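Residue numbers (this note's numbering), protein chains in the order written: chain C, 88 to 207; chain V, 88 to 207.
Accuracy of the hints is not assured; some may be wrong.
Because identical chains cannot be distinguished in the list, a pair is counted as satisfied if it fits within a single copy or across any two copies.
Think about it this way: if two alpha-carbon atoms lie no more than 30 Å apart in a straight line, the pair counts; the simulated BS3-like pairs of lysine-lysine are [as the list claims (entries may be wrong)]:
{"id": "1", "residue 1": "K117", "residue 2": "K100"}
{"id": "2", "residue 1": "K132", "residue 2": "K181"}
{"id": "3", "residue 1": "K117", "residue 2": "K132"}
{"id": "4", "residue 1": "K100", "residue 2": "K132"}
{"id": "5", "residue 1": "K117", "residue 2": "K181"}
Simulated from the structure, these hints should not be mistaken for lab results.
Model, not experiment: these values are computed from the prediction.
2 protein chains.
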Amino acid sequence: MQALDETVLSALKWDQDGLIAAIVQDHTSKDVLMMAWMNRESLQKTLEIGETVFYSRSRGTLWHKGETSGHTQRVVAAYVDCDADVLLFQVDAKGPACHTNNTSCFFRSLSDFAERPERL
Amino acid sequence: MQALDETVLSALKWDQDGLIAAIVQDHTSKDVLMMAWMNRESLQKTLEIGETVFYSRSRGTLWHKGETSGHTQRVVAAYVDCDADVLLFQVDAKGPACHTNNTSCFFRSLSDFAERPERL
Numbered sequence: 088m089q090a091l092d093e094t095v096l097s098a099l100k101w102d103q104d105g106l107i108a109a110i111v112q113d114h115t116s117k118d119v120l121m122m123a124w125m126n127r128e129s130l131q132k133t134l135e136i137g138e139t140v141f142y143s144r145s146r147g148t149l150w151h152k153g154e155t156s157g158h159t160q161r162v163v164a165a166y167v168d169c170d171a172d173v174l175l176f177q178v179d180a181k182g183p184a185c186h187t188n189n190t191s192c193f194f195r196s197l198s199d200f201a202e203r204p205e206r207l
Numbered sequence: 088m089q090a091l092d093e094t095v096l097s098a099l100k101w102d103q104d105g106l107i108a109a110i111v112q113d114h115t116s117k118d119v120l121m122m123a124w125m126n127r128e129s130l131q132k133t134l135e136i137g138e139t140v141f142y143s144r145s146r147g148t149l150w151h152k153g154e155t156s157g158h159t160q161r162v163v164a165a166y167v168d169c170d171a172d173v174l175l176f177q178v179d180a181k182g183p184a185c186h187t188n189n190t191s192c193f194f195r196s197l198s199d200f201a202e203r204p205e206r207l
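Use the sequences and the hints to build the structure in full.
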């Protein structure tokens, strides 16, 4: 996929921190794997290399998913929502999306969380 | 589903505006339908009535999805991600999720958007 030109980038609705939410979905199982954030640079990088690259709000740096773990996510398709403030990436995941080694970050039901409310 | 007690609510990671991102997925097709925001009150209301209720950032009010259109979303399952800052609701949708009448708000590929970059 090609990098976007400035007009297109500006048409996306970035939040006050210059970020846009990016939902990642497995392209075969259609499981929602994770949600993370992208800035302009990480979105362009994602499109250039064809693998997800996010912006880490805690570290303030780009974060090429799987760079250290090997659990990269190859982008199969990319979508934007009606008001252009959320992106959806369908990916071929080379391993678990979650740092807990679960396939998806959404591995806990809200009821399970209510019984054991922990941030992992 | 029951409303959450204060300990559980506080264990969720709310942003600086007191909101949490809520992804909505069709429980049968597994299509991602939309993403919106919830505050504590809208999350509790969602769990109490079993249909999605969001917080409209533009209007500053609760927004019971489908209240006027009839396109409500019955909650079938609810999940929380590892670090507890994103919710995922699997729903039985009584109509299109999108105000454009598309089933999903993610009906445009990023390539289509690049050709015609409009916020709808």
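Intra- versus inter-copy proximity for K100 and K117 (alpha-carbon distance at most 30 Å): both (25 Å within a copy, 25 Å between copies)
Alpha-carbon proximity context of K132 and K181, limit 30 Å: Within one copy only: 18 Å inside, 38 Å across.
Homomeric proximity label, K117 with K181: Cα distance no greater than 30 Å: Answer is both; intra-copy 15 Å and inter-copy 21 Å each pass.
Up to 30 Å CA-CA - K132 versus K117, copy category: The answer is both: 24 Å in one copy and 28 Å across copies each meet 30 Å.
Alpha-carbon proximity context of K100 and K132, limit 30 Å: both (18 Å within a copy, 28 Å between copies)
Every hint from the earlier list agrees with this structure, and none is contradicted.
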